[in-house]
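Novice: Construct the complete structure from the given sequences, taking the supplied hints into account.
First to last, the protein sequences are chains A and B.
Note that our numbering has the first sequence beginning at 1052, numbered continuously upward.
Note that our numbering has the second sequence beginning at 1052, numbered continuously upward.
Any given hint might turn out to be false.
The list treats identical chains as interchangeable, and a pair is accepted whether it falls inside one copy or across any two copies.
What the hints assert, rightly or not - Straight line, CA to CA, 30 Å or less: simulated DSSO-like cross-link-like pairs of lysine-lysine:
| hint | residue 1 | residue 2 |
| --- | --- | --- |
| 1 | K1166 | K1089 |
| 2 | K1089 | K1175 |
| 3 | K1085 | K1167 |
| 4 | K1059 | K1182 |
| 5 | K1166 | K1182 |
| 6 | K1182 | K1168 |
These aren't lab readings, by the way, just hints derived from the structure by calculation.
Number of protein chains: 2
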Amino acid sequence: VSDIIHYKFRQHIEQIIPLTDEEYNFAVAHFSSKTFLKRQYIIQEGNYVDNDYYIVSGLAKSSYTDEQGREYILQFAMNDNWITDPQAFYNRTRATLNVYCIEKCETLSISLENKKKLCASLNKMELFFSKRITEGCIAMQRRILCLISNNAQDRYQDLLANCPGLIQRVPKTMIASYLGVSRETLSRLILS
Amino acid sequence: VSDIIHYKFRQHIEQIIPLTDEEYNFAVAHFSSKTFLKRQYIIQEGNYVDNDYYIVSGLAKSSYTDEQGREYILQFAMNDNWITDPQAFYNRTRATLNVYCIEKCETLSISLENKKKLCASLNKMELFFSKRITEGCIAMQRRILCLISNNAQDRYQDLLANCPGLIQRVPKTMIASYLGVSRETLSRLILS
Chain A
1052 VSDIIHYKFR QHIEQIIPLT DEEYNFAVAH FSSKTFLKRQ YIIQEGNYVD NDYYIVSGLA
1112 KSSYTDEQGR EYILQFAMND NWITDPQAFY NRTRATLNVY CIEKCETLSI SLENKKKLCA
1172 SLNKMELFFS KRITEGCIAM QRRILCLISN NAQDRYQDLL ANCPGLIQRV PKTMIASYLG
1232 VSRETLSRLI LS
Chain B
1052 VSDIIHYKFR QHIEQIIPLT DEEYNFAVAH FSSKTFLKRQ YIIQEGNYVD NDYYIVSGLA
1112 KSSYTDEQGR EYILQFAMND NWITDPQAFY NRTRATLNVY CIEKCETLSI SLENKKKLCA
1172 SLNKMELFFS KRITEGCIAM QRRILCLISN NAQDRYQDLL ANCPGLIQRV PKTMIASYLG
1232 VSRETLSRLI LS
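Specialist: Laid out in structure tokens, this is it:
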């Protein structure tokens, strides 16, 4: 693990909870560093999901493909985001999602076993993960509200705020798929 | 707190993690018992949110009302569900949601302070809350997928599975609002 990865990851944790050097070294020892190339899959539908991934750099997406082959994008993950198939990861079942690298991704990954060990031995990391999942839930609830109220404009603004620069890095069809709108509706959102 | 409430609540916790009598008594001492009448608000938009509520019996909904006065239902909570405005509860900000009793509700409520104390002193309850929020996230992710893929049928089936009997207990307009569909679409879903 390079210095820049350590620097970014420690900053990411310490935005929520400060750690001593000893605590940080103990925590990071539970993670593995993995690099995925552009167009590689981090998780493939049908496989078991061994890890939760922190994206150090690059850009990935998680998506579901229906029986007609249509793809629905659940999440984009770039610097400082985490991505996995949570259902498969936490329940040790097979993935129903794909996680795909739109750009080359440097990641730090943690297995469920290591996550449990880490949380059991360092309460600060338990608090970190708990805070993070709570924030994730709140963001998802907001997205659900925007979806049931059919407010595509807010969904688009939230995406811009959460993933600055994303719009320049991915095809418009992906943005439309994430928002659950047509290409035509997306064009109107971009112009307005 | 009556025996039946203790029985239900302990069963609810022990579905995830078994507790000794001593641990259960310690945990439940962090909760308060409150009854809300039909048509009362558990949480009102604009107020601070002091508690997370476990619904022992009855039926409540959380919803957002937009500037045009249209209501969007985020959640129904009946036996064994938890309900609050998570954003306001965890961030100690003012509620943007209403939580309203469709039927008289018996609840056990816990403040954020007590929740933190409880989790810090009894790791099993930390695990309980963490497991519950993870399951909540997974369910929300599924709902988001059903929404962006415009799959109202699956959304309807998920609601029936999560809240058995709900359809007989609330007006159809509320079900339609939860699903984000028109009354006409809902009628087609019910018939199909």
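Novice: Which of the stated hints cannot be reconciled with the structure, identified by number in ascending sequence?
Specialist: 2
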